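Participant: Read off the chains here:
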Amino acid sequence: MMAIVKNKVGIVSCSGEELPEGTVSRIATRLVLEKLRPDETVTICLPLFLAGGEDERSFTRVYPTITVDGCEKQCAKVGTSKYSGKPAATLLVTDILKKHPELELASRDELTPEETIVVDLMVEEIVKKVDEILYQQKRMGN
Amino acid sequence: MNRKKVAIAACTGLDQPLGTVARMAAYQVLDVLRPNSTVLLCPPALIAEVEEDVVFIQENPVLVIDGCSEGCCERIVRDRGGKIASIVNAQEIQLRSNNLQPKSRRILGIQGEKLVNLVAKQAAVEVNRIVDQEEVER
Amino acid sequence: MTDLSNHKKIAIVACAGMDKGLGSVARTSVFKVVEELRSDRVELISLVPLLSDVAPHTALVTSMPIVIVDGCIERCATKLIIKKGGRIKGRVLVSNSARKYGVTPKSASDIGQDGEKLSNAIADEAASLVDKLIGEKKDE
Amino acid sequence: MTKNSLVYVIPCSGIGKTLGTVGRKATYKLIEELRPQETRTTCLALLTVGDKAIVDKIRNVPCISIDGCPVRCAQKNIEASKGLLLKRFLVTDVLRKNRNLKPKGIIKLNPEGEKLAMLLAKEVAITVDNIIRDE
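Protein chains in written order, with this note's numbering: chain A, 85 to 226; chain B, 349 to 486; chain C, 3 to 142; chain D, 66 to 200.
Please keep in mind that the hints were generated in silico from the structure rather than gathered at the bench. One or more of the hints may lead you astray.
Said to hold, decoys possible - Under the rule of at most 25 Å between Cα atoms (straight-line distance), these lysine to any residue pairs were calculated in the SDA-like manner:
no., chain 1, residue 1, chain 2, residue 2
1, C, K85, A, T178
2, C, K108, A, L120
3, D, K187, D, L149
4, A, K212, C, K86
Keep in mind it's a predicted model, so treat the numbers as computed, not measured.
Use the sequences and the hints to build the structure in full.
Facilitator: Below is the structure:
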């Protein structure tokens, strides 16, 4: 069984091209990867699970993985589970929109500063999950 | 064992010039007067219960520099279990210094700068007292 | 949920972080909006008093639309205002503006000339957001 | 809108590379500015998970893939779904013709990345016109 890499969490984003929620999940994932937890996170393009080979499909066996989905179809969660393995955590942009009905999304390409509030809230959720997983790993000594 | 540092929690109220005075005094202590024995605290981080900040105030003495009688900073540090070693209040020092008036929140002006210096000096004295006391207790 | 559509005043909030120049720029720009550019159209909300449940901040946060000037990538002001039920209808992100104008503040305690330039530009951005939300251009 | 006057333009998700963002940006320029009537897009991930509705759609409507890197996930996912793939774009091919451009950024492209995206979008637009004319 492939050993889990220590102190590294995988993030798979739907990055869906058709909906603003996909743009939110993509940008939120990138912000965590680039600015907030650059040393503790790694990503992979979801379509690569199908287009790639065994190396790519072993992703969740190597990294405890968080999926970030934009809409209810949850392709990141479904695709990751189907090709790689059970995600350690699953997040969904529409859950945030349901909790904050005053926040609206309309643009797919360039989000407005107000639309990026949803990105910030998703970033907060992702970072919380990353820290939880790392804390669990530390406690279990691996 | 390295010496403890004094955590400085400064008022972040924006509705009064004394908030700016408290912040500028804190910077003066941190950057100029006591750079080696003080550390800046971020009150919003305490509110958001950022673990790093909360643990720090529970293990290190805290000097609060508040801007007015509301005492928000003091309250936040206490709520998070911080050890408050001393409180410097800009409003009290203002009253004791024939009422120096800052020009505005954005531009303190000459009187405002004077008041900052008085608050910073008082805070620096408190830092010395806290550090000495910590030495005695070690 | 309060109807915020016909408000004559807008609440404005600045980042309260003290460890970075970005936070100091955020505050300086908000002071300019409050003290000079739109003093008759804005109410200032301070984050820490708000979160210590100090009036009038707690009442203001849910009673009018909010413009936020957030400092760094952590976006504390945004997250804390949303947790207190605020309705953010305009946002200026200092880190984005710093990139856009190509200037960065000198330090947290002294933002320097570049920091002043940046805070003036941000104050103008925030002021126009206030005008947009109130629905009329302020007569210059 | 008859079946033949519509083309699906599907970019790769390219979350790790600048050229992935260039492909995505070019797609939005195309479907929102250059050819809003003639083109649509969809989430590539839907093909990865085998969403029936969209798989049926791309088997009956001409498709164009835009890939940000030689792994060609967009192309492979469309092919795996037996989509009607008529043209395959690779962003690096367009970059090779414009070597002066140095695209950067993933969350936000720099001006040269924006320029490359527009050049790519215009190339794809010509292909869209040819497909619709030839249908």
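Participant: Under the constraints set out in the numbered hints, which ones does this structure not fulfil?
Facilitator: Every hint satisfied by this model.
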